[in-house]
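Following the hints, complete the assembly by docking chains B and C onto the known chain A.
Chains as they are written, first to last, in my numbering: chain A, 1 to 348; chain B, 1 to 302; chain C, 1 to 487.
It is possible that part of the hints are untrue.
Taking beta-carbon pairs under 10 angstroms as the criterion, some of the chain B residues facing chain A (in silico) [what the hints assert, rightly or not]:
1) M85
2) V87
3) D88
4) I91
5) T94
6) V96
7) T104
8) G105
9) A220
10) G222
11) M223
12) G226
13) F229
14) T282
15) A297
16) L299
No wet-lab data here; the hints were simulated from the structure. Computed from a predicted model, the values in this text were never measured in an experiment. All C-beta atoms in this analysis are idealised placements derived from N, C-alpha and C, irrespective of residue type, glycine included.
So you can see what is in the structure, the chains are spelled out below.
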Amino acid sequence: MTMRATGRLVPPAAIAVGVFATLVLVVVGGGFDLGAALSAFWRGSVGSPYALLSATLVRATPLILVGLAVASAFRAGVLNIGAEGQLLAGATAAVAVGLAGPTWPGAILLPAELLAGIAAGAAWAGVAAFLKRSFGVLEVISTLMLNFIAVQGVSYLVRGPLQEPTHVYPQTSALAPVARLPMLIPGHRVHLGLLVALALALVLRWVSGATAAGFRVRLVGASPSAAVMGGQVKVKRVVFRVFLASGAMAGLGGATVTTGQTYALFEDVSSGLGYTAIAVALLARLDPLAVIGTGIFFGALEAGAAAMQRDAGVPSVFVAILEALVVLGVLAMGFSRRASAVASTGIE
Amino acid sequence: MTIDAFSAFLEASVRTATPLAYAALGEVVVERAGVINIGLEGVIIAGAFGALVASASGGVGAGFAGAILAGVILAASFSFFVVVMRVDQIITGTAVSMLGLGLTGTLYRLVYSSGSATLHTPTAGPLIVPALSQIPVVGKALFAQPASTYALYVIVPALAWWMFRTTAGLALRAVGESPSAAAAAGISPARVRTWAILFGGAMGGASGGTLVLSQVGTFAEGMSAGRGFIAIAIVVLGRWTPLGVAGSALLFGAASALQYLSQAMGWDVPYQASLVLPYLLTLVALAGAGARSAAPAALGET
Amino acid sequence: MIDSPPALSARGITKRFGRTVALDSATLEVRQGTFHALLGENGAGKTTLMRLAFGMIRSDAGELRVGGVLRHWRSSADAIAAGVGMVHQHFMLIPAMTVAENVALGTRGFLSAFDRRAAADRVTRLGSETGLVLDPDARVADLSVGAQQRLEIVKALARDARLLILDEPTAVLSPLEAHELYSWLRRFVDRSHTVVLITHKLREALAVADDITVLRRGKTVLSNTARDLNEHQVVGALLGGTALDEPRPVEPADTRRRNRGAVVASLSRVSAADAAGVTRLRDVTLEVRAGEILGVAGVEGAGQHQLIRVLAGRQRPVSGSVALPARVGFVPEDRLRDALITSMTLTENLALKEAGTRRGRMPWAELRSRTTAVLRNGEINALGPETAVDTLSGGNQQKFVLGRELEGAPELLVAENPVRGLDIRAAAQVLESLRLARAAGVAIVMHSADLDELLVVADRIVVCFGGRVIAVAADPQSVARALVGAL
Numbered sequence: 001m002t003m004r005a006t007g008r009l010v011p012p013a014a015i016a017v018g019v020f021a022t023l024v025l026v027v028v029g030g031g032f033d034l035g036a037a038l039s040a041f042w043r044g045s046v047g048s049p050y051a052l053l054s055a056t057l058v059r060a061t062p063l064i065l066v067g068l069a070v071a072s073a074f075r076a077g078v079l080n081i082g083a084e085g086q087l088l089a090g091a092t093a094a095v096a097v098g099l100a101g102p103t104w105p106g107a108i109l110l111p112a113e114l115l116a117g118i119a120a121g122a123a124w125a126g127v128a129a130f131l132k133r134s135f136g137v138l139e140v141i142s143t144l145m146l147n148f149i150a151v152q153g154v155s156y157l158v159r160g161p162l163q164e165p166t167h168v169y170p171q172t173s174a175l176a177p178v179a180r181l182p183m184l185i186p187g188h189r190v191h192l193g194l195l196v197a198l199a200l201a202l203v204l205r206w207v208s209g210a211t212a213a214g215f216r217v218r219l220v221g222a223s224p225s226a227a228v229m230g231g232q233v234k235v236k237r238v239v240f241r242v243f244l245a246s247g248a249m250a251g252l253g254g255a256t257v258t259t260g261q262t263y264a265l266f267e268d269v270s271s272g273l274g275y276t277a278i279a280v281a282l283l284a285r286l287d288p289l290a291v292i293g294t295g296i297f298f299g300a301l302e303a304g305a306a307a308m309q310r311d312a313g314v315p316s317v318f319v320a321i322l323e324a325l326v327v328l329g330v331l332a333m334g335f336s337r338r339a340s341a342v343a344s345t346g347i348e
Numbered sequence: 001m002t003i004d005a006f007s008a009f010l011e012a013s014v015r016t017a018t019p020l021a022y023a024a025l026g027e028v029v030v031e032r033a034g035v036i037n038i039g040l041e042g043v044i045i046a047g048a049f050g051a052l053v054a055s056a057s058g059g060v061g062a063g064f065a066g067a068i069l070a071g072v073i074l075a076a077s078f079s080f081f082v083v084v085m086r087v088d089q090i091i092t093g094t095a096v097s098m099l100g101l102g103l104t105g106t107l108y109r110l111v112y113s114s115g116s117a118t119l120h121t122p123t124a125g126p127l128i129v130p131a132l133s134q135i136p137v138v139g140k141a142l143f144a145q146p147a148s149t150y151a152l153y154v155i156v157p158a159l160a161w162w163m164f165r166t167t168a169g170l171a172l173r174a175v176g177e178s179p180s181a182a183a184a185a186g187i188s189p190a191r192v193r194t195w196a197i198l199f200g201g202a203m204g205g206a207s208g209g210t211l212v213l214s215q216v217g218t219f220a221e222g223m224s225a226g227r228g229f230i231a232i233a234i235v236v237l238g239r240w241t242p243l244g245v246a247g248s249a250l251l252f253g254a255a256s257a258l259q260y261l262s263q264a265m266g267w268d269v270p271y272q273a274s275l276v277l278p279y280l281l282t283l284v285a286l287a288g289a290g291a292r293s294a295a296p297a298a299l300g301e302t
Numbered sequence: 001m002i003d004s005p006p007a008l009s010a011r012g013i014t015k016r017f018g019r020t021v022a023l024d025s026a027t028l029e030v031r032q033g034t035f036h037a038l039l040g041e042n043g044a045g046k047t048t049l050m051r052l053a054f055g056m057i058r059s060d061a062g063e064l065r066v067g068g069v070l071r072h073w074r075s076s077a078d079a080i081a082a083g084v085g086m087v088h089q090h091f092m093l094i095p096a097m098t099v100a101e102n103v104a105l106g107t108r109g110f111l112s113a114f115d116r117r118a119a120a121d122r123v124t125r126l127g128s129e130t131g132l133v134l135d136p137d138a139r140v141a142d143l144s145v146g147a148q149q150r151l152e153i154v155k156a157l158a159r160d161a162r163l164l165i166l167d168e169p170t171a172v173l174s175p176l177e178a179h180e181l182y183s184w185l186r187r188f189v190d191r192s193h194t195v196v197l198i199t200h201k202l203r204e205a206l207a208v209a210d211d212i213t214v215l216r217r218g219k220t221v222l223s224n225t226a227r228d229l230n231e232h233q234v235v236g237a238l239l240g241g242t243a244l245d246e247p248r249p250v251e252p253a254d255t256r257r258r259n260r261g262a263v264v265a266s267l268s269r270v271s272a273a274d275a276a277g278v279t280r281l282r283d284v285t286l287e288v289r290a291g292e293i294l295g296v297a298g299v300e301g302a303g304q305h306q307l308i309r310v311l312a313g314r315q316r317p318v319s320g321s322v323a324l325p326a327r328v329g330f331v332p333e334d335r336l337r338d339a340l341i342t343s344m345t346l347t348e349n350l351a352l353k354e355a356g357t358r359r360g361r362m363p364w365a366e367l368r369s370r371t372t373a374v375l376r377n378g379e380i381n382a383l384g385p386e387t388a389v390d391t392l393s394g395g396n397q398q399k400f401v402l403g404r405e406l407e408g409a410p411e412l413l414v415a416e417n418p419v420r421g422l423d424i425r426a427a428a429q430v431l432e433s434l435r436l437a438r439a440a441g442v443a444i445v446m447h448s449a450d451l452d453e454l455l456v457v458a459d460r461i462v463v464c465f466g467g468r469v470i471a472v473a474a475d476p477q478s479v480a481r482a483l484v485g486a487l
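Isolated chain A (complex conformation) (with noise of 0.2 angstroms):
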């Protein structure tokens, strides 16, 4: 499958407007006020400094990169839906590095996190990437296998080896001060995993647009056979390293959930991020500046539900309605002129 950034987004006033009208439908359905409802979203969400530093921001930090992942896997045609999997592995590769080193001084520990979440990641998507590439192994299918196994392994971590010392509570000891991510402004929570994620998206549009192997893979995933063709591109190597790279970021963006918001490992540390992330990456058609754009919008949505669920009792959970729409929308408008080009060609 190949998918194309044809470079404009989606009517946002579109997506706008079906956010807007789901929102209402299900506050008036469940018989909810509807003006504590909004209210609450809009404080929640983007409403007051706070919630803007401390909730939607840190909600798109990990979005963004891991969306970023998502989506350079996708320019090349490689269905990673397994960046859950590869988050989760970033994510208890830097906590184990930050309990593992609270001695060290942070410039060195803090660092060493993050290229431990990176690695991790990367491995983790390497054993997709190396059942593709040797056995054909639909990385569909076998990077949601790892998503599962992921899963449980944090299970078995944060009960067994890495648990806290009381054996109480599933879950690892909190990092020390000097192995969380810092703060970029006293009394807020937004923290530095936020600059990581913006530099990340400049650089992977740097890497896209000004060097020739970020040229390779937009030309893989627009049209493999131009690029093997009239590009002698090797084809498969490019694939190979893109889903390394995705998993790296993946594990990247499951790095900064540890050591920059919650300091320690626990089971669901990541509720369903990556998968929040496709949302996020269809959304941006695959543009990493959008990227940016489209993290920050579904923090804000989840914010704001979870505000709407705290104050005024609307269950959070329709976000998941609303991540599903959009996707569901974008393939619909994205696609349809793909399926006139296959219908023209005249096979059935």
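Here is chains B and C on its own, set in the frame of chain A:
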């Protein structure tokens, strides 16, 4: 190991395997038509919710009907995008799963208010077959199960017969191997795929129904717990045949039940190991020689 | 038989795929009880026309009658029900299934048991009746190509086909198997059935068929009984050699040979296969020199597709050695799939050429100016280097591809049907560019299905036939004979 412990382990295996088998048997038909439905997870949870809603007014029978209907509806949305609009199967499936989980979770919270008090649905308890259940070791495992498990004893061979011994089953398999060859023979791949997906929806819904009505007796958000994805692995391991899938489902059920056995036996094995076993098995099976050759040749193609 | 309506009658059939016109008011009249050969070169439209007749696609205009009745097929099922059977060029078989299962495919009934015994009996019975013997329980993947061919026919017969359409049936058969097939088809026709044979092998067609129809560029250019035609006329219609009988004015030898120099590329005992693994080139030895245009002629499937790709460095041979220069340009036949990415800009498409080996940063400014130069030199009508390729016409796209490949000063340029589908002006410009490149010392290998343009441009001609590559004199008669294996 005592006979009793082993027997209990077998009984738990069959019980755990039942919802998996329903979902996987539906998915094997879908994949034989060349389609991967990653949205199966959403279908199962939709079925569970449908069972909850329908059984409140009509008992267990209505509950299963509601489960099947809910599953078919969700599968129909998947079918629309994949067959009619020719959109990528994988991403659509992911979205359908998210949709199913989100819809059921939201509706559950809205309709059943706070969700703190556990709801109880009517359940269908085990139907103990008089003499057969007394057979040592396997008696209880095979003949002291709810009716939905017994239904499988008929469904599995019937599906196997239909798939390999009827002209319609032949058409199904042809579409999954080579849609163009099937079209040249006068078969409509679009129609075959639509029916297959809807059947998968019915079975997936039934799977959710058995979870609620034959086992847990209640609904909880996300109670499908990845079974939809496991079912896909079961289809691969079972090499796309109903009998293989049934056996593979049993294997996965046993792997999950292993945790109880190891607890009973006092083995010092973390329970996650037994949960992980099925997924590792799948990866090995996928990589194994000939694994790809067993798959329908046109699987996953738009 | 003169009174009965034609078995098949297609009138004024037009079919477009996107911007390409596959059939342009084509006609075909197949008399009942005859053996009718439908001839045409690659892309002439014959497969499209017969797929229409078999219900696999629908026409944009025109009428189709089978047995005198106007038909609007909704799918192949309707055609099959009306007694039409088709044996496809690329077998529509299911390799993982058995012979019996493939034969039984498509018969109706939801719960009707697929009686393995009955299907097997059917296959055996058909085998003894027709001489097309097959093992019902054999897996198709294990069958030889000839046996698969037989199965394709048996499949059609099992559905009681009275009009049998065969698409290039002998393309993959040995001469003996082909002979057996034709004998059988002759007997089939003698039993009051009708056969339409799609082929480009005109000698075979003339030998076995009662009637001949020739398609060229989507139009019917010739239709007559075989008895009243000779090879010459058919070749002329087939390839468009309008002046085959006139001696072609040849460029003076010295202007052509002025810069002909060192060997630039060579093949030594090269064998190559197609995507399905069938050997298409056998033990080929060939040299290409600087400053010459080597024309490659060959009918479809004769091996020139593989020859072109091996010379362009895009395909590795199965055996033998290939010596290529450092810079090779390639203009493939399907430019939209293999040479251009239509959603990207012209500059990006220029950069595509070196994408496989480039390191470091992309020098976009330099690439843009190079693109502008290519556009200017080729007189290509485009708004600028940053416009998307899909805004260009086909002719301009092709000129761009050629300009791009020549811009890097290659020592060897390989082109495949470079003027296919282009209007006259664009085609002339492309050929002129090739001449200029030759004058500058570039070695050029060009394949064309159109004999006209090949003879106009090429210095030397080689013909692909049966996996071998034979050098021939550059006159129409010699080439035409070699094409059909008469040399």
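Checklist entry - Which numbered hints are broken by the structure, listed smallest first? => result Violated hints (numbers, rising): 9, 11 and 15; every other hint is consistent with the structure.
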